[in-house]
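Student: The listed protein sequences correspond, in order, to chains A and B. Just so you know, the working numbering puts 145 at position 145 of the first sequence, and the rest follows in order with no gaps. Just so you know, the working numbering puts 46 at position 46 of the second sequence, and the rest follows in order with no gaps.
Watch out, some of these pointers could steer you wrong.
Below, computed lysine-lysine pairings styled on BS3-like, alpha-carbon distance capped at 25 Å [as the list claims (entries may be wrong)]: (1) B:K65 with B:K101; (2) A:K126 with B:K69; (3) B:K66 with A:K126; (4) A:K143 with A:K196; (5) B:K44 with B:K65; (6) A:K196 with A:K175; (7) B:K65 with A:K126; (8) A:K177 with A:K198; (9) A:K205 with A:K184.
FYI, nobody ran anything at the bench for these hints, they're computed from the structure.
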Amino acid sequence: MANTVLHQAVTRGHADHGWLNSYHTFSFANYYNPERMHFGALRVLNDDTVAAGKGFGKHPHDNMEIISIPLEGDLEHSDSMGNKTIIRKGDIQAMSAGTGVAHSEYNANSDKPVKFLQIWVYPDRKNIQPQYSQVTLQPADRKNKLQQIVLPRSKDSDGVTVQQEAWFSLGDFEKEKQVIYEIKRKENGAYIFVLKGKVTVEGQKLDTRDGFGVWETNKVSITADSDAEVLLMDVPMNI
Amino acid sequence: MNTRTEILIIGRNESILQTVVRLVNNNPEWIGTGAATDEDAIEKFHHHHFDVVLLTNGIGDEEEKKLRKIFTHQDTDIIIIQHYGGGSGLLQNEIREALGKRSAENKPTISITDDALKSAKWNISIQ
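Just chain A, same shape as in the assembly (with noise of 0.2 Å):
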């Protein structure tokens, strides 16, 4: 039988910087708690909102897959690998963070703000080159579907790639959609995040920011109970 675990929205961390406005599903920064800390890979889920013409100056990472996914507005990316990009709503955008790499992201626009999802996923290996991945994706292409977004390295597909055994997908569904995924491995368990709307997954009823991890099973079924969107994460369980 599946194991589930279910992280409503209301019980999300919340820091307000002002500047920032930051909701983390698992611990981060001054959140913390013991009982939030990962569901496998995953590591970080944070929804955050970022003020007009404000953002994360320069800083280093190493180590650490970080997954971006505008969800409003633009952010302007710049790193220590030369790269200097502007990620739109409809681009993902991922970082091997590797031996190290330093990068900030900023609010590309100075009259609105921008809100986005920032991911991190534990890397199955150290120590690697850093890499930087970024594409642009139809949205016609995940109505009343799931599409790949991002995939693990060298698999010949849509999506960025990252240093793990993890497929991320979108989806948007209209009301009374189903779809069934299949985990793309038996060491995988996935975590659903609803971006909006209403849905139930596996029978259990989620709203708007609720996350939703099974694992120990090979199929996820999902049922659009609104208009909703939807993230999938399918993540190797074991770390």
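Here the structure of chain A is known, so what remains is to put chain B in place on it, guided by the hints.
Tutor: Just chain B now, with coordinates in the frame of chain A:
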């Protein structure tokens, strides 16, 4: 008596190491000391008491094994943790998690045997 937690931070990338040391020292309950090489780390560990060793960027698996062996040989109670992500939002969490686990391990436990013996009754039959 010093009640602050002494943390030895080892990392190869000077910039990241300095950031991590600075972030650790931002916490008034912690004292962070950086070491960029194994030799420097071993030397510092030998001459000073540390509660925690934080292994950060650029340390390979074999180097990590070697360092763990040396530190635990010298101090069996030392807490050694890997820090993922650089000077980031995870730093405080990882240290607090490790200290919390150690604290829980050191809590006195209730002896179920003692309680069971108190209420036990002799049940001996002599034939």
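Student: Checked against the structure, which of the hints given earlier come out wrong?
Tutor: none
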